[in-house]
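So the protein lines, in turn, are chains D and C. Numbering follows this note's numbering, with no gaps: position 94 of the first sequence is 94. Take the position in the second sequence, starting the count at 1, then add 1000; the result is the number in this note's numbering.
Derived by calculation from the structure, the hints in this document are not laboratory data. As the structure is a prediction and not an experimental result, all values here were calculated from the model. Do not rely on the hints blindly, as some may be mistaken.
Claimed, not checked - Some chain D residues flagged as far from chain C (calculated, every beta-carbon gap over 12 Å):
1) K8
2) E35
3) I36
4) R42
5) E54
6) I88
7) Q106
8) I112
Unchecked claim - In silico DSS-like cross-links for lysine-lysine, where the CA-CA straight-line distance does not exceed 25 Å:
9) C:K1125 <-> D:K19
10) C:K1087 <-> D:K43
11) D:K4 <-> D:K40
12) C:K1138 <-> D:K40
13) C:K1101 <-> D:K103
14) C:K1101 <-> D:K43
15) D:K8 <-> C:K1138
16) D:K40 <-> C:K1100
17) D:K4 <-> C:K1125
18) D:K4 <-> D:K43
19) C:K1094 <-> D:K6
20) C:K1125 <-> D:K8
21) D:K40 <-> C:K1087
22) D:K4 <-> C:K1101
23) C:K1100 <-> D:K43
24) D:K19 <-> C:K1087
25) D:K19 <-> C:K1138
26) D:K6 <-> C:K1125
27) C:K1138 <-> C:K1087
28) C:K1094 <-> D:K43
29) C:K1138 <-> C:K1125
30) D:K4 <-> C:K1138
31) D:K40 <-> C:K1125
32) D:K8 <-> C:K1101
Said to hold, decoys possible - Using C-beta positions, here's what the derived DEER-type ranges look like:
33) D:D3 <-> C:K1100: 16 to 26 Å
34) C:E1139 <-> D:E99: 30 to 40 Å
35) D:E35 <-> C:P1110: 22 to 32 Å
Glycine is no exception: its CB is placed at the ideal position from the N, C-alpha and C atoms.
Residue strings, one per chain:
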Amino acid sequence: MSDKEKLKRKTDAAIDALKSPRLRWVMGRSQVKMEIDEGKYRKAVDSIMQEENERHMISGALKEKGVLTVEELAELTGLQPDRIVQHIIALRRTGAIIEAGEKNNQYLYKLI
Amino acid sequence: MTKDVFEEEKAEEGFEPLIVAYCCNWCSYAGADLAGTSRFEYPTNIRIIRIMCTGRMDAALVLETLRMGADGVLIAGCHPGDCHYQKGNFIMEKRYDYIKKAVESGGIEPERVRLEWISASEGGKFAALVREMTEQIKELGPSPFRAVDNSKEGAGNE
């Protein structure tokens, strides 16, 4: 995969992340008076933004390729496999992805 | 990241950047209008889109504009305290931090996006800002998302 394609994938994930309800909700909270510490709030938004970016990179790759293993996802997204597993657990919990068979002793995942 | 990847494209001479400016209806758009009626000269690299308020601007729109091939995005609103809708520009100011981070995480240089305050009477400031931003983007080089490499013909010289 060329650098240009990688960049496109990254930017598309960032756009999708900005459109995601989760990130919109926390970003919107800055408009109302809050009782929580500003520093803690910003840190939380940053971490949510990063999570959303990474999850959209994973779901973008799955949308494009259909079914993929963790190893393949790591190759396509440039993320660490352990980080991908964490996101897969979260995405499975929300029902966004499911297992779809096995390949080379690894589970395949697909979007619902 | 993009700096290293597209070094060759940047090296090409005569690159004319395409800057999309989102100007608020009440101050910045009037400021841009004043720049025109006052006959201040500024580069033709800018494309102005009028919006009612910067506070109404979607964060994803900035990234989408860059993704569609713009070399830079300018968001221009009323000075703090002068917003027609009381606090629209303050909302944008906070959102701008996240926009910058999102642009960076999307693999694009955050310097391509700028937030500025321009009042209806600051035609000269608008012209100077466009000149300055055009130079800044020229230094950064073309956006990696340019559909067609128009560095020779120049996007702003159509």
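Comparing the hints with the structure gives:
1. Annotated as non-interface, K8 (chain D) brings its C-beta within 12 Å of a C-beta of chain C; the closest such distance is 7 Å.
2. In this structure E35 (chain D) is separated from chain C by more than 12 Å, as the shortest Cβ-Cβ distance comes to about 17 Å.
3. The beta carbon of I36 (chain D) sits about 15 Å from the closest Cβ of chain C, which is more than 12 Å, so the claim that it is off the interface holds.
4. Under the 12 Å C-beta cut-off, the non-interface status given to R42 (chain D) relative to chain C is violated; the minimum distance is some 8 Å.
5. For E54 (chain D), the shortest C-beta to C-beta distance to chain C comes to about 9 Å, within the 12 Å cut-off, and the non-interface label is violated.
6. Consistency note on I88 (chain D): stated as away from chain C, and its beta-carbon is indeed over 12 Å from all of that chain's, at 20 Å minimum.
7. For Q106 (chain D), the shortest C-beta to C-beta distance to chain C comes to about 28 Å, beyond the 12 Å cut-off, and the non-interface label holds.
8. For I112 (chain D), the requirement that its beta carbon stay farther than 12 Å from each beta carbon of chain C is met, with the minimum near 24 Å.
9. Proximity of K1125 (chain C) to K19 (chain D) is assessed by CA-CA distance (about 33 Å); at most 25 Å being required, the pair is judged violated.
10. For the given pair, K1087 (chain C) sits about 24 Å from K43 (chain D) by alpha-carbon distance, which is consistent with the 25 Å threshold.
11. Distance check on the hinted pair: K4 (chain D) and K40 (chain D) sit about 35 Å apart at the alpha-carbon level, beyond 25 Å; violated.
12. A hinted pair counts as satisfied when its Cα atoms are at most 25 Å apart, and K1138 (chain C) with K40 (chain D) does not qualify at roughly 38 Å.
13. With a C-alpha separation of about 37 Å, the suggested pairing of K1101 (chain C) with K103 (chain D) is violated against the 25 Å cut-off.
14. For the proposed pair K1101 (chain C) and K43 (chain D), the alpha carbon gap of about 12 Å is at most 25 Å, so the pair holds.
15. Of the supplied pair hints, the one linking K8 (chain D) and K1138 (chain C) holds, its CA atoms being roughly 22 Å apart against a limit of 25 Å.
16. Between K40 (chain D) and K1100 (chain C) the alpha-carbon distance is near 19 Å, which keeps this suggested pair within the 25 Å criterion.
17. Under the criterion of a C-alpha separation no larger than 25 Å, the hint pairing K4 (chain D) with K1125 (chain C) is inconsistent with the structure, at around 36 Å.
18. Distance hint between K4 (chain D) and K43 (chain D) is unfulfilled; the C-alpha atoms sit about 30 Å from each other, more than 25 Å.
19. Between K1094 (chain C) and K6 (chain D) the alpha-carbon distance is near 29 Å, which puts this suggested pair outside the 25 Å criterion.
20. The suggested pairing of K1125 (chain C) with K8 (chain D) is violated, with an alpha-carbon distance near 35 Å, which exceeds 25 Å.
21. Between K40 (chain D) and K1087 (chain C) the CA atoms are separated by roughly 24 Å; this keeps the pair inside 25 Å, and the hint holds.
22. A C-alpha spacing of about 20 Å is found between K4 (chain D) and K1101 (chain C), which places the hinted pair at or below 25 Å, so the restraint holds.
23. Annotation: proposed proximity of K1100 (chain C) to K43 (chain D) holds, straight-line Cα distance about 15 Å (limit 25 Å).
24. Restraint check for K19 (chain D) and K1087 (chain C): the C-alpha separation of about 23 Å stays at or below 25 Å, so the hint holds.
25. Annotation: proposed proximity of K19 (chain D) to K1138 (chain C) is violated, straight-line Cα distance about 30 Å (limit 25 Å).
26. About 38 Å separates the Cα atoms of K6 (chain D) and K1125 (chain C), which puts this hinted pair outside 25 Å; it is violated.
27. In summary, the hint linking K1138 (chain C) to K1087 (chain C) is not supported, as the alpha carbons are separated by about 33 Å, beyond the 25 Å threshold.
28. Our distance criterion of 25 Å between C-alpha atoms is met by K1094 (chain C) and K43 (chain D), whose separation comes to about 14 Å.
29. Simply put, K1138 (chain C) and K1125 (chain C) have alpha-carbon atoms about 20 Å apart, close enough for the 25 Å limit, and the pair holds.
30. For the given pair, K4 (chain D) sits about 20 Å from K1138 (chain C) by alpha-carbon distance, which is consistent with the 25 Å threshold.
31. For the hint pairing K40 (chain D) with K1125 (chain C), the CA-to-CA distance comes to about 37 Å; that exceeds 25 Å, so the pair is violated.
32. At most 25 Å may separate the alpha-carbon atoms for a hinted pair to count; K8 (chain D) and K1101 (chain C) meet this at roughly 17 Å.
33. Taken as a hint, the range 16 to 26 Å holds for the pair D3 (chain D) and K1100 (chain C), whose Cβ atoms sit roughly 22 Å apart.
34. Between E1139 (chain C) and E99 (chain D) the Cβ separation comes to about 49 Å, which falls outside the hinted range of 30 to 40 Å.
35. Checked against the hint of 22 to 32 Å, the C-beta distance between E35 (chain D) and P1110 (chain C) comes to roughly 31 Å, which is consistent with it.
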